[in-house]
Structures are given as C-alpha cells and as structure tokens.
Amino acid sequence: MGPLDLLNYLLNFAAPALFVGLLLALLAPLLYRKVPLAHGLRAQVAINFVAGLVALVGGLVFFGRDGKMLSYAAMVLACAASQWWAMRR
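Taking this note's numbering, the leading residue of the sequence shown gets 1, the next gets one more, and so forth.
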C-alpha cells in the first residue's frame with residue numbers, strides 16, 4: 001500500500017466519525033434546551049469525533065477488519081454519549 005492509498009484509507013476510515021460528530025453537534029441545540037459545557041461548535045465536533053474514532057478503532061481491533069455494522073453502531077452510541085456528556089449541567 002502506497003502513501004496515497006494509506007492516506008485515502010485513513011480519511012475514509014475517519015469520515016463517518018466526523019460526519020456523525022458534526023451532525024450531532026449541529027442538531028443538539030434543536031433537541032436540548034441546555035447550554036453545552038463545550039460552548040463552541042468546534043469543541044463539540046472534536047469531542048464527538050474523538051469518541052466516534054475511538055469506537056471505530058476499537059471495532060477494528062476487536063473484529064480485525066473495518067466496516068462492521070456493530071462498529072458503526074458503537075460509534076453512534078459513543079458519539080451520542082459524548083454529546084450527552086457535553087450537554088449535561
């Protein structure tokens with residue numbers, strides 16, 4: 001695997017976590033009336049992205065391959081839990 005192929009793989013591996021993290025951070029003010037602990041949108045996206053990426057890496061280590069639906073379900077749950085944690089007060 002060449003360096004460009006590796007970069008393409010890593011970007012495609014992280015893209016779902018970034019998308020879900022961004023979507024949750026954008027939709028959270030519509031669903032919750034509380035002011036988040038992480039006040040900036042970038043901070044919320046970053047927290048959700050890291051939580052989702054950790055879940056995806058955990059799924060990759062556990063299953064030994066990428067793209068399992070259980071890994072994506074764990075990513076959604078991890079992002080939701082991190083958004084809930086960021087919105088609590």
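These aren't lab readings, by the way, just hints derived from the structure by calculation. Values in this document were obtained by computation on a predicted structure and should not be read as measured data. Beta carbons are placed, not taken as given, at the ideal position from N, Cα and C, and that holds for glycine. Treat each hint with caution, since some may be false.
[Claimed, not checked] Restraint ranges, calculated between C-beta atoms of paired labels, are given here:
1. Arg33 / Asp66: 35 to 43 Å
2. Ala81 / Pro29: 35 to 43 Å
3. Leu30 / Gly2: 38 to 46 Å
4. Arg88 / Arg42: 30 to 38 Å
5. Pro29 / Lys68: 14 to 22 Å
6. Phe63 / Leu30: 33 to 41 Å
7. Leu31 / Met69: 18 to 26 Å
8. Leu7 / Gly67: 15 to 23 Å
9. Met69 / Leu23: 16 to 24 Å
10. Trp85 / Val61: 30 to 38 Å
Do the hints match the structure? See the list:
1. Taking 35 to 43 Å as the suggested C-beta distance range, the pair arginine 33 and aspartate 66 conforms, at roughly 38 Å.
2. Our hint of 35 to 43 Å for alanine 81 and proline 29 is violated, since their Cβ atoms are close to 18 Å apart.
3. Between leucine 30 and glycine 2 the CB atoms are about 43 Å apart, so this pair conforms to the stated range of 38 to 46 Å.
4. Look at arginine 88 against arginine 42: about 19 Å separates their beta carbons, and that is not inside 30 to 38 Å.
5. Proline 29 and lysine 68 have their C-beta atoms about 32 Å apart, which leaves the hinted 14 to 22 Å range violated.
6. Distance hint check for phenylalanine 63 and leucine 30: the Cβ-Cβ separation is about 34 Å, which falls inside the suggested range of 33 to 41 Å.
7. Here the CB-CB span from leucine 31 to methionine 69 is close to 25 Å, well matched to the stated 18 to 26 Å.
8. Range check, leucine 7 to glycine 67: about 18 Å between beta-carbon atoms, so the 15 to 23 Å window is met.
9. A beta carbon spacing of about 18 Å between methionine 69 and leucine 23 agrees with the range 16 to 24 Å that was offered as a hint.
10. The beta-carbon spacing between tryptophan 85 and valine 61, approximately 23 Å, falls outside the hinted interval of 30 to 38 Å.
Hint check: violations occur at hints 2, 4, 5, 10; the rest are consistent with the structure.
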